[in-house]
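4 protein chains.
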Amino acid sequence: MMIPTPLTGVVPPVCTPLTPDREVDVPSLRRLIDHLMEGGVHGLFVLGSTSEVAYLTNRQRQVVVETAVRHVGGRLPVLAGVIDMTTPRVLDHVRAVTEAGADAVVATAPFYARVTHPAEIARHYRLLAASSPVPVVAYDLPASVHTKLPAEVILDLAAEGALAGLKDSSGDLAAFREVVVGVRNRPELKGFSVLTGSELIIDAALAVGADGAVPGLANVDPAGYVRLDRLHHSGDLDSARAEQERLCALFGMVTVGDPGRMGGSSSALGAFKAALYLRGVIDCPATAEPQIPLSPEEVERVGKFLAGAGLL
Amino acid sequence: MMIPTPLTGVVPPVCTPLTPDREVDVPSLRRLIDHLMEGGVHGLFVLGSTSEVAYLTNRQRQVVVETAVRHVGGRLPVLAGVIDMTTPRVLDHVRAVTEAGADAVVATAPFYARVTHPAEIARHYRLLAASSPVPVVAYDLPASVHTKLPAEVILDLAAEGALAGLKDSSGDLAAFREVVVGVRNRPELKGFSVLTGSELIIDAALAVGADGAVPGLANVDPAGYVRLDRLHHSGDLDSARAEQERLCALFGMVTVGDPGRMGGSSSALGAFKAALYLRGVIDCPATAEPQIPLSPEEVERVGKFLAGAGLL
Amino acid sequence: MMIPTPLTGVVPPVCTPLTPDREVDVPSLRRLIDHLMEGGVHGLFVLGSTSEVAYLTNRQRQVVVETAVRHVGGRLPVLAGVIDMTTPRVLDHVRAVTEAGADAVVATAPFYARVTHPAEIARHYRLLAASSPVPVVAYDLPASVHTKLPAEVILDLAAEGALAGLKDSSGDLAAFREVVVGVRNRPELKGFSVLTGSELIIDAALAVGADGAVPGLANVDPAGYVRLDRLHHSGDLDSARAEQERLCALFGMVTVGDPGRMGGSSSALGAFKAALYLRGVIDCPATAEPQIPLSPEEVERVGKFLAGAGLL
Amino acid sequence: MMIPTPLTGVVPPVCTPLTPDREVDVPSLRRLIDHLMEGGVHGLFVLGSTSEVAYLTNRQRQVVVETAVRHVGGRLPVLAGVIDMTTPRVLDHVRAVTEAGADAVVATAPFYARVTHPAEIARHYRLLAASSPVPVVAYDLPASVHTKLPAEVILDLAAEGALAGLKDSSGDLAAFREVVVGVRNRPELKGFSVLTGSELIIDAALAVGADGAVPGLANVDPAGYVRLDRLHHSGDLDSARAEQERLCALFGMVTVGDPGRMGGSSSALGAFKAALYLRGVIDCPATAEPQIPLSPEEVERVGKFLAGAGLL
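Chains as they are written, first to last, in this note's numbering: chain A, -7 to 304; chain B, -7 to 304; chain C, -7 to 304; chain D, -7 to 304.
Certain hints may be false.
Stated by the list, open to error - DSSO-like cross-link-like pairs, simulated, lysine-lysine; straight-line CA separation at most 27 angstroms:
1. C:K182 / B:K140
2. D:K140 / D:K182
3. B:K140 / B:K182
4. D:K140 / C:K140
5. A:K140 / B:K182
6. A:K182 / A:K140
7. D:K140 / A:K140
8. A:K140 / C:K182
9. C:K140 / C:K182
10. B:K140 / D:K140
Calculated from the structure, these hints are not laboratory results.
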């Protein structure tokens, strides 16, 4: 299917449920997709950072995207991450996910390889666009990529037709606004999708002019984010803010992991999966290697966050 | 073949020659290997950063390692990089390169994924070691990985038998010395290889106690680095320093690219390949996408560096 | 005078006009204060980063704070920056500015010295609070200080009574919100001032719950920021956003300086002062050493930004 | 006195002993200077980072430099740090320390203020040189300043006569070598002093061509560093390396502080002062605020490092 221009609403980055021996748990993935669609989401983003894409082998990525496309069956657009170090490797993923039926691909700037000059980043996206049969969305995630996509590079690539959208997980709302306003001021950019990945300030991003949101926490509470989106568009901004603040409190679960024993990412992804497990959506809360698993006590604390948000 | 314990001497990270349409240029790769072996090197490291591993597709990586292993035919140890974001993906590369005959694998800490806690890094290497049929060498490259491998983590993993060596490209000689001295002080670490990737201070690293060196510039002048290594071991430290300084001057070629037009990595890898092209070793100086190619004038400046070092 | 609890509205960080030989231009500073007060601002913050505090000698700082306090004459609260590397040096500034009559002091975490542990930062603020005769406001500016003040440290210090407010120039609205909500949830923190320094997203910060704003660009257009604040509080959020976007366009002036010739800070502070000069507020647009001055053509481009915003 | 051109040998950055109430302990400072001179050092560097210059008030800095100059009485050159954020503030320190009799001043690039463009850094040093009655030495300390001084900027400023030397505490030996070789290749730079601050690789820096060393640990064991310097110059490089390794082991004391309770700098400076106290050189091991003091158990561990190095 064609993705809407622009894509709007809530497009969760779908977690990848794993079995105890770290294979993709296909039945759980299907149930998770059902859970998200029942929550009213407007699209799905598989193979993003919250999906543990960096940990999935190529074979596993294939299982994920095929499962999602088949299970969704065209009811919603399915975007697929094509996360890899440089253009040639990303192009291999573009081929794989589009053959499996993805409706758009989501690509970061190069990483590990030090090609961070704006001209190199632009060349990267131009080459992706030239080969991709579906629209290309830029993914700005400086915490992982270690460069920030400059607003003017994005706008120029959009004007060329090389980019169809931006998923901004930089946390930098001023830079995000520069893209939003730049799109609005250039009529030829009509239809370009400006999406925020900052799950704690989605109300603010929508107020600034975001088209939609890609919140990792929407795995746990899709209905909450859909409600936030609707409240915003109905003009009830106070209720939207209250809903966002409820979700911020729920997000506190990402800190359950003991920092002496694990990093913040093991804790956050572990908490999301523990929450899905506790809510009965997935069968096993395992995260991929080499992440450190949460202890039973830490999982219990996740449960308290769920209870506090009325989700248990 | 078994890699020596420790591995010593000069082990260049082998450039990956490409055709004009960016496929692996197998005949040129064979000629490059001949050129390195004629220079007297003590091992080969394929699929490292200087090999543009981050730009090579899995298929291309396979071609490289198979070509190298076959062409070398056991005359030298062949180490292969298994560079990817996390453990499961690295393990796929481990399988691929060891099936092709690599004698050791060289792996960084996880990147992109934020698993940078010492416990997560240790878990990563333990899992690699548990599955790899050949020794695992840790690759410390903070400029790409955005974490520094702590000396104590390396030494502990070495003591467990999980690591067989370290390739340190951090540029931090004090931290490097901590590993060298730590190995010397712990008898159970006898045979652990401590290799420096800092091509501009190899004389200093050897004096501190490095077992060997992995200098990218050795592609261009393998005989120079081998001479430097021999001069050091013969005790003629003044001549070793003079040879190192000649190589430092040659290394100046990495700055030929116009910084307004490209990043430092496009410039540096472009210069190495231009030099190999100008010396008649490879057929085409192309670098992988999305790197920016050197202009003819910039290539000409590479030639002047070669001439200045007596290599043209 | 006592500062309001909380401090609300627009509190510009006052530029420090300089003479051509880089002395404080006292008549221009008085005119700038008049200009700001005529614009309707709610307080003044002297000796902040936009005031070039890092460039002013102790003697010059004294002239600035004495001039401001005397000229304002109690009509508005005057906050004064006490920016220095560590506690003992900051305490000297606290003494100086409070003897001159400052109503509150604004202090960063330590910098240059590497005391960035939360316990060290907390100790710093506790010592400042114990000695300061006026309230202490924490200043979060990671771009200069190279650490981010953790929300929980700020909230705990606020609960102890050590901090009276926060000026957040981190650009991280999610972390800002954590402080805003934390203050609201803890009744004992009533009156704590949460101020944003992010001049491009003040509408969003107010919507999230900021008490007030400290925008550098308010030197150039104080009436615009006061209007934005009023529109927000009157509930006309669309007009508030439009006003903010007009100010964002005006902010574009910070990029007039040629990046080949100077850094972004020379360009930005040079543009603010050029704008004040072109608007007839100050006599000389000089910035402090070693900043690079704008060229006449660059100053002319500042004029175009003013014209575009209806300010010339 | 004129400083030698180049300055050679061991020039310790002198710790600043404090009383229990954090005033400069003048008798202890004199004893520390005696201890260093008895150890055979070749110059003294007061008000450097190891001297806690960032924590000393202007009045305390004055006491330190006056005490040192008077007590040394021209027997050795005394260099003084003039550490502050930007040119005008540094110039105030230049006036203060040269009136007190310092023989050279040591200045970093600007920090806190974001003037990090090479043209801005060059302008800073040119202005310092134009006003300073004594030679200016550049201090490269990226860990505190958050920029690295580029080798070509240093060499160009040296050629202009604006800089008399470099104290390099970057830990980047390859960049250090670029300056060393650059000085050697440009006859007009004869007499420029290239000094390393990397106390763990001084043998390597000397082998590369350093003129001298500025090791913080030389406060604790000046005789050791002087011995290392002599062994190097006598050509007994194996013994020089052994001495360096003994000093590296001694340096392990910097890790005694519990990282859960304090940062690395509180631990390191606390350990140096504890060592001087345990060796009977200074009366009180207090460090400046807001550093966290070592516990009695941590001090005891410092004693074990001293014993291990034969210093108790």
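What's the verdict on K140 of chain D and K182 of chain D, does the C-alpha distance respect the 27 angstroms limit or exceed it? Satisfied, since the Cα-Cα distance of roughly 24 angstroms is no more than 27 angstroms.
Hey, K182 of chain A versus K140 of chain A, does the alpha-carbon distance stay inside 27 angstroms? holds, 24 angstroms
Between the alpha carbons of K140 of chain D and K140 of chain C, is the straight-line distance 27 angstroms or under? Holds. K140 of chain D to K140 of chain C sits at ~22 angstroms (cutoff 27 angstroms).
Does K140 of chain D sit within 27 angstroms of K140 of chain B, going by the straight-line distance between their CA atoms? holds, 19 angstroms
Within a Cα-Cα threshold of 27 angstroms, do K140 of chain A and K182 of chain B meet the stated pairing? Between K140 of chain A and K182 of chain B the Cα gap is close to 44 angstroms, so the pair fails against 27 angstroms, i.e. violated.
Satisfaction of hint between K182 of chain C and K140 of chain A, Cα-Cα up to 27 angstroms: violated, 37 angstroms
Mind checking the alpha carbons of K140 of chain C and K182 of chain C for me, to see if they're no more than 27 angstroms apart? holds, 24 angstroms
Check whether the Cα positions of K140 of chain D and K140 of chain A lie no farther apart than 27 angstroms. Given that 27 angstroms is the threshold and the Cα spacing comes to 21 angstroms, the pair holds.
Just to be careful, I want the Cα atoms of K140 of chain B and K182 of chain B compared with a cutoff of 27 angstroms; is the pair within it? Since the Cα atoms of K140 of chain B and K182 of chain B sit roughly 24 angstroms apart, the hinted pair holds (cutoff 27 angstroms).
Given pair status - K140 of chain B, K182 of chain C, alpha carbons within 27 angstroms: With Cα atoms ~44 angstroms apart, K182 of chain C and K140 of chain B exceed 27 angstroms; violated.
When the structure is compared with the earlier hints, violations turn up for hints 1, 5 and 8 and for no others.
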